[in-house]
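S.K.: Sequence:
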Amino acid sequence: MRLLYYNIFICKNGEKTDYPIEKIIDFIATRDAKIKLRNLRNGDYSLTQMREPTQERETRNRSFWISRYRDKKPLAGTKGTDEAEPIEKDVLETSNCLLIPGKNFLAMEYSHLGCRAKSLEQYINKFLLNNINDDSDKWTVEIIEIRKKSSIDDIQSSSNIKSITVEFVVTENTECLLSSNEIKNDDSVIRTVLNSSNETAKIMHGNMACFSIKKGKIRKQMDPFEVVKILKTLNWDAEEIQTIKVIFDNPRTGKKNDSVDLKHDSQLQDEILIGDNSNGFEYLAREISNFYYGDGNRKGLSNSNQYNKIAVNSTTKIVREILDEKKAEGNGEPIYINN
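Quick note on numbering: this note's numbering labels position 222 of the sequence shown as 222, and the sequence is numbered without any gaps.
Hints may contain errors.
What the hints assert, rightly or not - Pairs of lysine-lysine, DSSO-like flavour, derived with a Cα cap of 27 Å:
1) Lys72 x Lys162
2) Lys214 x Lys162
3) Lys309 x Lys16
4) Lys256 x Lys245
5) Lys149 x Lys229
6) Lys214 x Lys118
7) Lys263 x Lys229
8) Lys103 x Lys138
No wet-lab data here; the hints were simulated from the structure.
Construct all of the structure, not just a fragment, from the sequences and the given hints.
M.R.: Structure, rendered in structure tokens:
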């Protein structure tokens, strides 16, 4: 499991505040399941589990599952047979989260098909008072990556780059995968490669597309300058891009066949529970907390100190109150009142 580290803030009119984030998580977690379900741009999401605060290292901490429901379901079968049966129930991809409100810190599990930080932002904002059509204060959540030095300089200095592999979600328009400068380049080589991979995956009804460039067994080396140039034409922040993996001999560490995923390389993170396929919420929540406060050395916990926060009374009402949970608007969402 890969844990990605973030700072998280409740914002008032765009300014970061000291409002206790756990109050919002508690509010959402205690809603009816139908109320917790929210439709976002890229799917349906819900906060499906939360651990009792008394089980946490600090009582303000919150461990929870944010779940994404898959639009395209896999088939169920039995090994050794040709059985392939439709799955009748909805399929959800879960992402484990550990929130440490006192430090505005969030550890979030990375999942190819699960919820990302940007979607978690959008999900929480669905419950906050942020109506753009009135003059009241606008409340939003902001989730910010905790950054570290990227390995791109190590790649450019390498004398032996073995391969580049890029994986991305099949999309209607590949422009979202390109850097802002590359979008303007009509003769873009990377655009041609992305379009070809994307269209091939569509023809084969695939959800993911991928392309690789490899050195092979020929003695000639890949040009590190050209490799980095190609890599920088991609929009690393695009949610559709899943992996930008480079295998190379790292001149800084001396490690041969070093594997770096540039998609997440510049973000502070940890890899835990390697080879452990357990998926129970209580078990994973406990292991994440134990790791972070143990071998994880509370990495990045003080990072939020660099941000200024305005004081907000913790009794301030910032959530949208439900008028009638049984009554729904045309889009299927409940009707709210804003005061």
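S.K.: Could you run down the list of hints and mark each one as holding or not?
M.R.: Results of checking the hints against the structure:
1. Lys72 x Lys162: violated, 34 Å
2. Lys214 x Lys162: The hint holds at about 6 Å.
3. Lys309 x Lys16: Measuring from Cα to Cα gives roughly 5 Å; hence the hint holds.
4. Lys256 x Lys245: Within the cut-off at roughly 15 Å; holds.
5. Lys149 x Lys229: Roughly 18 Å between the alpha carbons, so the hint for Lys149 and Lys229 holds.
6. Lys214 x Lys118: Status violated; Cα separation ~32 Å.
7. Lys263 x Lys229: Holds, at roughly 16 Å.
8. Lys103 x Lys138: holds, 23 Å
Checked against the numbered hints given earlier, this structure breaks hints 1 and 6; the rest are met.
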